[in-house]
Structures are given as structure tokens and as C-alpha cells.
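J.: Sequence:
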Amino acid sequence: MATKNIRVRFAPSPTGPLHVGGARTALFNYLFAKNPHGAGKGKFILRIEDTDKERSELKWVQEIINELKWLGIEWDEGPDIDGASGPYKQSQRMEIYEKYLKQLLQEDKAYYCFCAQEELEDKRQEQMARGVAPKYDGKCSHLSSELVKKNLAEGKPAVIRFRIANKKVKFKDLVRGEIEFDAGLLGDVVIAKDLNAPLYHFTVVVDDYLMQISHVIRGEEHLSNTPRQILIYRALGFEHPEYAHLPLLLNPDRSKLSKRHGDVALADYHKQGYLPEAIINFMALLGWNPGTEREVFTLSQLVKEFSIEKAQKGGAVFNIKRLDFLNSLYIREKAPEKLVLLCAPYLKAAGLLVKGQISDDKLQKIVEVSKQRMKKLSEIVELTDFFFKDKLNYEKNLLKWDKMKDEDIKGALLLCDKILSNIKIWDAKKVEEVLFEGAAEFNKQKGFPEKNRGFLLWPLRVALSGKEFSPSPFEIADILGKENTLARIAEAIKKL
RNA sequence: GCUCCUAUCGUCUAGUGGCCCAGGACGCGUCCCUCUCACGGACGAAACACCGGUUCGACUCCGGUUAGGAGCACCA
177 MATKNIRVRF APSPTGPLHV GGARTALFNY LFAKNPHGAG KGKFILRIED TDKERSELKW
237 VQEIINELKW LGIEWDEGPD IDGASGPYKQ SQRMEIYEKY LKQLLQEDKA YYCFCAQEEL
297 EDKRQEQMAR GVAPKYDGKC SHLSSELVKK NLAEGKPAVI RFRIANKKVK FKDLVRGEIE
357 FDAGLLGDVV IAKDLNAPLY HFTVVVDDYL MQISHVIRGE EHLSNTPRQI LIYRALGFEH
417 PEYAHLPLLL NPDRSKLSKR HGDVALADYH KQGYLPEAII NFMALLGWNP GTEREVFTLS
477 QLVKEFSIEK AQKGGAVFNI KRLDFLNSLY IREKAPEKLV LLCAPYLKAA GLLVKGQISD
537 DKLQKIVEVS KQRMKKLSEI VELTDFFFKD KLNYEKNLLK WDKMKDEDIK GALLLCDKIL
597 SNIKIWDAKK VEEVLFEGAA EFNKQKGFPE KNRGFLLWPL RVALSGKEFS PSPFEIADIL
657 GKENTLARIA EAIKKL
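Converting from the first sequence to our numbering requires adding 176 to each position, the first position being numbered 1.
Just so you know, the hints here were simulated from the structure itself, not pulled from any lab data.
One should not assume that every hint holds.
20 Å max Cα-Cα, derived DMTMM-like pairs, lysine to aspartate or glutamate [claimed, not checked]: (1) 670 / 566; (2) 541 / 566; (3) 605 / 558; (4) 229 / 271; (5) 547 / 536.
Could you put together the complete structure from these sequences and hints?
T.: This is the structure we're talking about:
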């Protein structure tokens, strides 16, 4: 096994946005391929499974490509850059499937079935009601070749079924160990609607073989699909790859992760302002851990640490609070100039950031004083809007600290105005210094508790921000500048 | 219903027979810092599903029970 080339693939079907569960599967495949402790430099392949003509759309192919790139998961082989063409799209490989389909038909390992869908559905219901595993009853499995030819010539609707051998199928799963299924319970599976419309179970086998995939790493929902796929490998004379079935991502109620409990599209998290670093880190730790107490990893560190043996067997609840924690961590670690670039689109979209109205330097300061409060980038808007507005909108009552009366608040603001008017060097440190002195003086004069600076600072901070929560008045004043700061104090005094 | 998978704090997990009256992280609570929020710091509550074996000794091995999940398509 050590000599075998590692080749893994992520094979989504473009029938909707890239699901976070899918993204995690892609991540694990990528990590497995790139990890240097594996059998060598593996290849990670992206294959688009768009055999479902009705539901597959090009825009979803493009979204898959974009989001994977955004995460930093790069593939060695995959569809063309526009997502529209190339041999890594199943829709472009129809002749290949047709060839193998014909082979199976010829060898009588597959056969035409003329049963109507409604008829099948009725039987299925009846079987389940009887308490047996629903499976195809084999009605068309031994039709004479004359009858098949006749039916086909008459244009009777038909599908192609694969003969499932009545025996036990055993295989080794890298995360779960030996697994055995009784294929006799399965029933003959439909592998194509016709020669030109092959279905998943068939195409996945053909492609994984042709693309020389060494390890199939996928979600646990495919575990019970594995035996029938193995049987198809055998019928085709192929050797099947090794398997690793990853635990499912779960809703808080422990059902399979789905919409209605929250967002499941990676793009939704992207839009809300989750950083790819945070999402990668978060997803990696869902169903895997390094066996140490370390919890924070970059993608390249994960590549180094990863081993499939440490993958978890049980499902993992998608805990958004933990994602938020990681995201705020990575936001705080971002270089200031990069964080500004990331936040700017949100401010622009909110109409706060208008080109040329504010210097880059100032904008960076705004982001810097706010970043420790940000769980996701989109929050920059509510956190900083007051910096950009001309007029603040807040209730007079918000200015009140503790049991201050209106005249006390007015006195505090007047004092602030006086103190700040006299400052020559305007920066946060200087402002803080003089205001601390002023606060002591104010409390003494008013008979307020000596150590409680809130009597001076709270009204000031509210006057400058209009908010209950905000950065310190020193930081705000620094960014606002002297003129604006004094103007906001004057506005506040007018309210009293 | 049938088949398969799974089972340690609320959540993600460490733990491969004695190092564990179970460790870390998120979340939660209290306190400190502090004009607020946040950051940071300290402390705290919180789990081996159950029942039988095996063993000198089980969270760890085996069997069963229970619970949860997935699959059983002319979707992937």
C-alpha cells in the first residue's frame, strides 16, 4: 500500500450550493492527499457529477469552484476554469459510460427492465409494510432476448439494471474497520436510464477506476451504498479503491445537517463574513483531532498533522458558537491593512463608506478599535456606523450614568468640552490623560464616588457614539478629531 | 420495517487495562481589569447511556439492552 500512488477526489453534484458537509469532505480528502506522512505526494482531484440533467446547473459548478478556491483547497486535476467543460465533468464522458454499459449488458451482468415506476413504488410500499427490506423483485431479470428486442424496438420505456449477486460483501473501512453487508438484501439496482443516461452508482465506479482513485473518502451516508458499488467494480473486472467514511455533520437535534436549522451553504457563511481560515479550522476539528490539546490550526498546519486514523466515528454537531469563537480569533489576528480590505465591502454595501470621504488611515483606525468586538465581518457595520454619520440618533436618557441628573450630565459634558478644547496634541493617549484628571476633579466637585469615572466618561462616550456599547471615548475622539468631537458634545448638551 | 453505523461534560473532543474520584476547547457562571461592550486574567459548575461478563484491576476488551443516526430512488 505504501507504494501505491495516493489519488483522492471530491465529487460533488452541481444541483445546489456547496454544502458545508461537502466542503468538509473536500477538506479531508485534500488533507489526506497532501499530508507528507502518507504514502507520498498525493493528488487531489475535483470531479463534477452532473449526470442528473434536470437538476445540474452550470452556476452551481461555478459556485463549487469559487468556494473551494476561497477556502484555499486547490485541486491537482479538475474541470476547466469556467466549469463548463473538460473531462472531469461526467456529462462530458458519456461515450465512456456507454461502452461499459454495453459490456455489462453483453455479459448479462446487467439487463433491461420494463417495469413502470408506479408499479415499483407500490411494491416498495407493500414490502415495507410487510416488514421486509424493500428491493426489486427481479421481474424483468430473465426476459427472453427476443422479448427484450421487441420491447426496445417498440420503444417501450426501459432502464438498465445491474444484477446484484446474492452474497455477502465485506470491505475494510479506514475509519470503521471491517464492514459486512448481505448483498442478497439489496435487489438489482438501476445503473442507467438508457445507454446515454447512466446513473450515479455506475458512473462513480467507472470514473473512480479510470481516474485511478486510490481512496474514496466520503460521508457516512454512502456507507450502505458501498457494497453495491463494490459489486459493480467486480462485474467490470476492476479492483475497488480503499474506503473511508466520515462521520456526518449534524443539526443540534443530531439529525443530518440540514437547512431549517441554519445555513448549510458555504457561500452563506462566506457572505456573512466568516474567514476561510476559521471555517477550515472549524471543519477540520469536526470529526477529527490531532490527539493533542492544540485547537488552532492553519490549513498548512493541518496538512502536516492530518491522519485519517484519527478521524472520529460518531457524528458531530455543527456548533456555530465555536465557529464564531474561531472566527473572532482569526479576525483579531488579521493584519490591519488586510482587515480593512475585508471590512470595506460591508461598509460600502451599507452606504456608510463613500469613496473619498474618509482617509485610508482613518478607516484602518476605525476597524482596529472595533475588531475585538467582531465575531464576523458583517458586524463591522453596526459596530462602526456612528463614525460615518453626521447626526447621531439616540435617546437623551442614554447619556445618564448611575443616578445622574440632567444638570450633572450637562456639567460633565461642559467640562469635557472645556478640557478637550484646550488640548494641543490630539491623540488617544493625551485625551485619556486629561480626561482621567478631569474625571477625578468632577467627582470631587460633585461629591460623586471618587474612583468611578463613569460620571464623566459615560456621558461623553454616549455623546460621541450614540451607543450603549462602543470603544472608549478616547479612541473615538482620536478618530473623530477635535472638531467633530466638540461638535458631538455640543449636540448632546442641546438635548439637555 | 429491514440493513449498516455510532455511543465520554450542553457541544467538539483527549483517553487504546492501572498515570483518570477522567484532561483540553467552545459555551455557561462567579470574580478581577474597567465609563460600557469587547479583549485579557483567575476560579467554578458540568460527562464515561444501562446491564452482564473477562480481569487482581475496566472509560478502555467481549456480549446484550437502550438510545441516536444513515441507507434502503429511473438523486447524488
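J.: With reference to the structure, classify each hint as holding or not holding.
T.: How the hints compare with the structure:
1. About 16 Å separates the Cα atoms of residue 670 and residue 566, which keeps this hinted pair within 20 Å; it holds.
2. Distance hint between residue 541 and residue 566 is fulfilled; the C-alpha atoms sit about 18 Å from each other, no more than 20 Å.
3. As the CA atoms of residue 605 and residue 558 are separated by approximately 26 Å, the hinted pair breaks the 20 Å bound.
4. Distance hint between residue 229 and residue 271 is fulfilled; the C-alpha atoms sit about 16 Å from each other, no more than 20 Å.
5. Proximity of residue 547 to residue 536 is assessed by CA-CA distance (about 16 Å); at most 20 Å being required, the pair is judged to hold.
Hint 3 from the list above is the single one not met by this structure.
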